[in-house]
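Undergrad: The primary structure of each chain is shown beneath.
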Amino acid sequence: MLNKKDIILKGVAASSGIAIGRVFLFEDDNYFCLISKEIPKNARAAEKEHLDDAIERTESELKVVYGKINDVPGENYTHIVDAHLLILHNPAMKANIYKLIDAGANAEYAVYKVMEQIIHSFEIIENDYFKERKADIQDVGKKILANLLGKQRKTPLSLNKDSIVVSHNLTLADTVTIREKSVKGFATDIGGKTSHMAIIAQGLALPAVVGLKTVSSQVRTGDIIIVDGNAGEVVLNPSFKTIVKYKKECAAQAEKIKELENLKNLPAQTIDNHKVLILANIDTPDEAASVLLNGASGIGLCRTEFMYYNRDSMPSEQEHFERYSSVVKAISPLETTIRTTDLGGDKLAKLGLLNEKKEKNPFLGLRAIRLCLKYADMFIAQLRGILKASAYGKIRLMYPMISGLDELREVNEILEKTKQDLRSKCVKFDEEMEVGVMIEVPSATVIIDDIAKEVDFVSIGTNDLIQYTLAVDRINEDVANLYNPLHPAILRFIKQIVDAGHRAGIDVGICGEMAGDARYTAILLGLGVDKFSVSPFQTPKIKRAIRSMYLADAKKTTDEILKCGDSESILKIINKH
Amino acid sequence: MKEKIIVVTDKTGLHARPAAVLVRTICKYQSSVKIFKDDFKVDARSIIGIMTLAALHGSRLKFVADGPDENEVLTAIEELFNSNFNK
Chain A
-8 MLNKKDIILK GVAASSGIAI GRVFLFEDDN YFCLISKEIP KNARAAEKEH
42 LDDAIERTES ELKVVYGKIN DVPGENYTHI VDAHLLILHN PAMKANIYKL
92 IDAGANAEYA VYKVMEQIIH SFEIIENDYF KERKADIQDV GKKILANLLG
142 KQRKTPLSLN KDSIVVSHNL TLADTVTIRE KSVKGFATDI GGKTSHMAII
192 AQGLALPAVV GLKTVSSQVR TGDIIIVDGN AGEVVLNPSF KTIVKYKKEC
242 AAQAEKIKEL ENLKNLPAQT IDNHKVLILA NIDTPDEAAS VLLNGASGIG
292 LCRTEFMYYN RDSMPSEQEH FERYSSVVKA ISPLETTIRT TDLGGDKLAK
342 LGLLNEKKEK NPFLGLRAIR LCLKYADMFI AQLRGILKAS AYGKIRLMYP
392 MISGLDELRE VNEILEKTKQ DLRSKCVKFD EEMEVGVMIE VPSATVIIDD
442 IAKEVDFVSI GTNDLIQYTL AVDRINEDVA NLYNPLHPAI LRFIKQIVDA
492 GHRAGIDVGI CGEMAGDARY TAILLGLGVD KFSVSPFQTP KIKRAIRSMY
542 LADAKKTTDE ILKCGDSESI LKIINKH
Chain B
494 MKEKIIVVTD KTGLHARPAA VLVRTICKYQ SSVKIFKDDF KVDARSIIGI
544 MTLAALHGSR LKFVADGPDE NEVLTAIEEL FNSNFNK
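Residue numbers (the numbering used here), protein chains in the order written: chain A, -8 to 568; chain B, 494 to 580.
Read the hints as simulated data drawn from the structure, not as lab findings.
Incomplete in silico selection of chain B near chain A, CB under 10 Å:
#: 1; residue: Val516
#: 2; residue: Ala547
#: 3; residue: Leu549
List time: in silico DSBU-like cross-link candidates among lysine-lysine, alpha-carbon distance up to 35 Å:
#: 4; chain 1: B; residue 1: Lys521; chain 2: A; residue 2: Lys59
#: 5; chain 1: A; residue 1: Lys255; chain 2: B; residue 2: Lys504
#: 6; chain 1: A; residue 1: Lys54; chain 2: B; residue 2: Lys555
#: 7; chain 1: A; residue 1: Lys486; chain 2: A; residue 2: Lys546
#: 8; chain 1: A; residue 1: Lys125; chain 2: B; residue 2: Lys527
#: 9; chain 1: B; residue 1: Lys534; chain 2: A; residue 2: Lys125
#: 10; chain 1: A; residue 1: Lys419; chain 2: B; residue 2: Lys555
#: 11; chain 1: A; residue 1: Lys416; chain 2: A; residue 2: Lys444
#: 12; chain 1: A; residue 1: Lys28; chain 2: A; residue 2: Lys85
#: 13; chain 1: A; residue 1: Lys122; chain 2: B; residue 2: Lys495
#: 14; chain 1: B; residue 1: Lys555; chain 2: A; residue 2: Lys122
#: 15; chain 1: A; residue 1: Lys365; chain 2: B; residue 2: Lys504
#: 16; chain 1: B; residue 1: Lys530; chain 2: B; residue 2: Lys497
#: 17; chain 1: A; residue 1: Lys85; chain 2: B; residue 2: Lys527
Cβ pair distances, simulated, as ranges:
#: 18; chain 1: B; residue 1: Asn575; chain 2: A; residue 2: Glu47; range: 35 to 41 Å
#: 19; chain 1: A; residue 1: Lys59; chain 2: B; residue 2: Asn575; range: 30 to 36 Å
#: 20; chain 1: B; residue 1: Thr502; chain 2: A; residue 2: Ala462; range: 41 to 47 Å
Where a beta carbon is used, it is the ideal one built from N, C-alpha and C, also for glycine.
Please model the entire structure based on the sequences and the hints provided.
TA: This is how it looks when you write it as structure tokens:
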């Protein structure tokens, strides 16, 4: 205990989480011990047969992996194995090995030589992603060699639940085998975020750190090791203090996961059995995973502004399609509400559309749907991308900043024309795709009954609705105190919107910050909101709040509140409950 | 002999998965197919060859097919790229 001093190795965080356990050193056999010997002419045909046998055995091994990998959660990994099968049967590779055998080389040396040449052609590639793919070639090469030499990689029989697998490198097949043994985590010398092991570790939600360079030569089986997949570090020879610190973190992590797990599959339902839906707001497609992890019932607001950031040209229809379909596929069969571009004019100068033009009043200027109507080509590219993605799951389309019916009809006309065009080209899309609007402009609220008749759903964007209704710029600190979600005008507006929606038989959501703030949950519930769309991480909090309430109580409180003409009385009532 | 130029539109380029799908598709046809990129030429039935092309997003690839079904195979290849490899 005395001489324990932390050795911290820094690597690349490949899969998040913390694990404390004992090392299981999975030694890399590398290229075994190869001998080069001359094969006499009359034995060369037999040497080729020997090679063919090894390739055949390798093929059946890969097919076994192919079968096992099908049920790894997350992505579909079978294509990786399929790529390995194709590498194995690559015509030129076998021809080159044969050539060397014809010249007198033994089969294993011929395989080694040819593999080395191929790997060299990967090493000179500049792009890191493609360079890393040499690992696929190595994987296959080693398998053929192992079969030629009759050697098998040690199977990790002595692995147990406490094991943390440390290795120079883990092949795909290794990871699958290990997975059946349920281990705690992984640490490897080489590899990057995109290596197969990293992807599978993420799918299994096991902590993993890769790219540690020397870890496999610094530990022995049985050593205590800490894998911190959040920070991308491992701690060897940890001191008592460090272990305690990480144990605490581990416990907190486990607690959180358990609570999430418990809550995840439960409905957002009040004690008196009134169900609402909690959906998530996301900014970029890679947040889709956290939507599911936090137990949201879909995406209530998929922002699309990310498509336009950090670039100097307009995104193409294909790019739109790719990004949206990736979200939809990840979330399916749950729904994804995609909001069309909500950019301000200032963002577009960079994309080559507008001259740098300073608007005096950008929030009242050319933004969101107004911008889309002015630059129809940009809008149509997005609509086509969304429509095409709708063939892959349930998409609801939502327009931002609609201020009146004429505008809504104009946008719908563009949508209809876009659909017509896709139909004429036999491009598949969801004919039943629901179309709704975000209610965030006061004028739309006043005529909400008329709007509700022409859409399939509405969602209240409270941030802008408050800003426009109260005429307050909340970034301006001199007036920010006037920005008040509990202003009676706002609560009555929400009430009007919900009632009008229900009269028209459509659902009403709310997707501003108010939805994710537990202080307002009871009021919104009492006002009759059907869907709460919040940040993924707020999902459990709001769900928990709803599950502890009675709808009847919330309604009573809300009725009381709606009679108030000032915020102070409203606050008093809230505090009372 | 027929040829077709195709630009890689996938963000991650022509990596292992699409390369596998591409080879599987081409193997259904009889014609020989070569891929040209910059100064390189590879056999389109060789997944290793395709991967060493390191065809990133935006790369221009020239497919040259020769044989009884050269038109069909080029159409099939183009469709694969258009559908983003049946993703």
